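Model the placement of chain B on the given structure of chain A, informed by the hints.
Protein chains: 2
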Amino acid sequence: MNPCSSVLLTDLYQLTMLQAYVEQEMMETAVFELFVRRLPPHRNFLMAAGLEQVLNFLEQRRVSQTELAWLESTGRFHSTLLRYLENLRFTGDVQAIPEGTIFFPHEPMIRIVAPLPQAQLLETRLMNLLNFQTMIASKAARSVLVAGGQPLIDFGLRRAHGAEAGLFAARASYLAGFAGTATVLAGMEYDIPIYGTMAHSFVQAHRDEATAFEHFALAQPENVVLLLDTYDTEAAAHKVVDLAPTLQQQGILVKGVRLDSGDLADHARKVRRILDEGGLPQAQILASGNLDEYQLQRLVAGGAPIDSFAVGTAMTTSADAPSLDCAYKLQEYAGRPCRKRSEGKATWPGRKQVYRQYGQDGRFDHDVVTTLDDRQPGEPLLQPIMAGGRRLLPARTLTESRQRAAAQLALLPDSLRSLEGGRPYDVQIAHSLQELARTVDRFVP
Amino acid sequence: MNPCSSVLLTDLYQLTMLQAYVEQEMMETAVFELFVRRLPPHRNFLMAAGLEQVLNFLEQRRVSQTELAWLESTGRFHSTLLRYLENLRFTGDVQAIPEGTIFFPHEPMIRIVAPLPQAQLLETRLMNLLNFQTMIASKAARSVLVAGGQPLIDFGLRRAHGAEAGLFAARASYLAGFAGTATVLAGMEYDIPIYGTMAHSFVQAHRDEATAFEHFALAQPENVVLLLDTYDTEAAAHKVVDLAPTLQQQGILVKGVRLDSGDLADHARKVRRILDEGGLPQAQILASGNLDEYQLQRLVAGGAPIDSFAVGTAMTTSADAPSLDCAYKLQEYAGRPCRKRSEGKATWPGRKQVYRQYGQDGRFDHDVVTTLDDRQPGEPLLQPIMAGGRRLLPARTLTESRQRAAAQLALLPDSLRSLEGGRPYDVQIAHSLQELARTVDRFVP
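Which chain is which? The protein sequence lines are A and B, in order. According to this note's numbering, the first sequence holds residues 1 to 445 in order. According to this note's numbering, the second sequence holds residues 1 to 445 in order.
Wrong hints could be hidden among the right ones.
The list makes no distinction among identical chains, and a pair is therefore deemed to hold if it is satisfied within one copy or across any two copies.
[What the hints assert, rightly or not] Result set (DSSO-like, lysine-lysine): computed pairs, CA atoms no more than 30 Å apart in a straight line:
no., residue 1, residue 2
1, Lys270, Lys255
2, Lys345, Lys270
3, Lys255, Lys345
I should point out that these hints are in silico values taken from the structure, not numbers from a laboratory. Here the structure is a predicted model, which is why all the values come from computation and not from measurement.
Next comes chain A alone, as it looks inside the complex (with noise of 0.2 Å):
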C-alpha cells in the first residue's frame, strides 16, 4: 500500500459531505485558503514548506477499484459519490507563498480555488503536508540561526512519527538550512546530502574498540568519522591518535570523531586538545545527543571546539510544539465570501493577499492582510502556481527553496531571530478586509 496519494487519506466527513455535495448539485466554486490561527509556543515565525508535496498530491490523488469497493462494500455512500470520486481529477487553481517564505499568523499560506467539493476534499492531507513540512522548518530554522554557520545534521529518522515524517523532516530541515541528514532514502529521493558515522554497537560487536575503529576506517577510508563514547571518550581519542599513522600508511585520514553523551563542551575540548597533540589537527568534532537550539545555542556562544552538530528528536518531533494550530477554511462559495464566527476561531472572508514591506535597513517591517483587489505597497507573497489543475511553471528544485530560506533568514529583524519570544512582529490587517468581514456578517442570520 502507497497510502500518500490516496484518496481515503482523508476524514471521513469529507465523504459525507462530499455526498450531499454531489446530490445537491452544490458543484460551484469555493475559495479555501489554509492558515495558522497562531504562532507556537517558543517560536517568532513561520517557514512555509510542503508545497512541493501538495502539488504532487494534486497532481496524484486517486481512487483504487479496491478502494471503491470497500467504500461501497460500508453501505454509507450512494453510486452518484462513488461515480465522482472514481472520476475525480484536479481543476482548480492554486495560489501559495513559496516554500522557504517566512510568514506569520493570519496570512494564507495557500488559496485553493475549485469547484466545491475537489477543494473540499483536500483539506486533510493538505494540513497534514504543510502543517508539519512547516513546524518542522520553523523549528529547523531556529536552529541555523544560531548555529554561526556550523553545518547541522539531521539524525532524526529513528524517532520520527512514521517513515513519511522522518522523509519530510530531513527535507524540511535542508529547506531550511540544515546540510544534510541521515536518512538514506532522503538522500536519493530529494537530493540531499546525506551524512553518517558508526553506532555504539558497531564498537560492541568488535572485542576491542580500536579493531572496530580499524575496520571501520578500512571499510569507509573517505568517510573516516569515529565514534568515542561507548566506554570512555577520552581513552576513545587517544586509541584514534594512536591508530592514525598505520591508517596514514594506507593513506586512509581520520576524517573526524563523534561525541553522543556527557557534558559535550567539556569533551570537546578535552578530545581537541588529544587530537591536536596527536597530530590531527584536521580530524573535526561532530556532537549528537538529544541535541535542540538551546543547547546548540549553549555550545556555540561557549566556544566548544564542535565543527558539526546532528540534532535529532528535538527537531524531527518539533519537540516542544508539535503542531501548529493551522486551519483550511472557506472563505468564499458561488461568488459570495463566508467566514466562521465560532467561538475563538473566527475568520478573515474572503481572498485575500499579504504584502510584505520592508524597513529602510532592508529587512521585514511590517506585513499587510487585505482582500485580492485591494492592491497595496510591498511585496506580494501569494504567487499564482496553478491554473486549471496544471502547473504553471516548473517545480521549484529544493535547492531553489533552500536559497530562499536563507534569503529570507537574513532579512528577519533581529528582535524575531532570538530563542526567546521579542515584540511580535506586526501583521495588519487592512480596512478592506475588515469592512468585508462586517459586510459579510451582516448577511448571515
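What follows is chain B alone, placed relative to chain A:
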C-alpha cells in the same frame, strides 16, 4: 514510491557499518534488544504497540534495482555490500512483548537474534515503528482510563506527522481502547470503525444553516450528526429541533450533534436541554476541539452531558511527550554478552526476560528483569514470535490486541491509573543480570 518497506529507509551509518561487517565477515549471531530508558514526562506506564508493522517490515523489506543503482552511484559502497543488500532476507528469531501489553523502562519490548548485519540494519525502522505506536497507545490509554466508558474517536489525521503517522495513530489509539477513527483509509486497512460528521465549511457553503442541516440529513440519513458551532451553538440547536419533524416525516432521525468550540461543558448542558425539550432525547452530543486527557477528565468528572469525545492533535502527536527515550542495543555478539557504558546511557547486557508478578488483588505488583536462563516466578512477558525468519503463529488480529490492552488496563494498580505521576512501578533488576553486567565490565577494556 512506497518508502515503508525500503531498505534505504534507514540511517546512513547502518550501511557504512554493514560495509565493514560484510568485508570483515562479521556474520555471527547478534542479539539486539529494544527498550525504553525512562518514562516520558506525564506517563506512569507504556503500552506496547507496533509489533505487527515490525513483522511486516521483516517479511517485506527489500531493495529495488533503482535503489541499488542509486547506492552505487554515490560511490560510497563496494560491490560486496550491494550484493549483500540485493539478496538480503531476514532469517533470524524474534521474541517480543505482545501488542497491548503494559510495560516499563528497562524491559526489552523486542529481541532480534540474527546474523550481525541483518540485525544491525533493522535498527532505524524498528525504532521508528515501535517508538511511535507505543507512544500513541500509551497516550491514548490515558484518555481511555479517564473517559469512564464514553466512546473516544481519533480525529487527528490532519495534524499527524505525515500519512503513516495518521494511519498508525488511528491503529494505536484503537488498540488502546478508542472506539474508532475519522481516518477512512485506516478503516479500510485495519478494519477500524470510522466516524465522521460535517465541517464548518459545509454550513458556510449553504445560504442558511437549517438548509445545510437538511441537505446533510438527506445525504446521510443513517448518520445525522450535525455541527452546531459555525455561528451560534444554541441557536443552531434550536434549528435542529425545528428541522426534526420534517426529517422524521421522511423517516430520518437526528442521531446527534457536535460541539467544537467554546466552553464545551456549558454548551453541552444548554444544548442537552434544548434537544430534550424539543423532543430529541435520543440525539447524542459529541464534543471535539483541542481535547486531551486532562480536559476529558474534567468534562467527565464534571458530569457534562457529553456522550462521546473526538480527540485529535494532542493524542496523534503525543503533544506532551512526542517521543520515547528508546534504544536498540547490541546485547550479545558471537556468544559474548556486551553493553554500552556511555555516560547516562549504560545498558544491561545479554538476553533478558521480564517476569510480572501479581498482587493479592490480582493486579500488577512488580516486574523482574533478568537473564534469559534465570527462571523467576510470575508471567514471562517476552514471547517467541518468529524463528528462522518465519512467524511461529498467525498474525494476532488488532481486535485480539485491543482485548489484551483492555485486560491489561483493568489490571493496572490504582496508583498508575491517575493522570498525575504516582509512586513509580517497581521494576527490579535481578541479581543474575547485575552479576552479568559486572562480568561483562571486567572483560571490556
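Going through the hints against the structure:
no., hint, result
1, Lys270 <-> Lys255, "within (18 Å within a copy, 69 Å between copies)"
2, Lys345 <-> Lys270, "between (54 Å within a copy, 20 Å between copies)"
3, Lys255 <-> Lys345, "between (54 Å within a copy, 26 Å between copies)"
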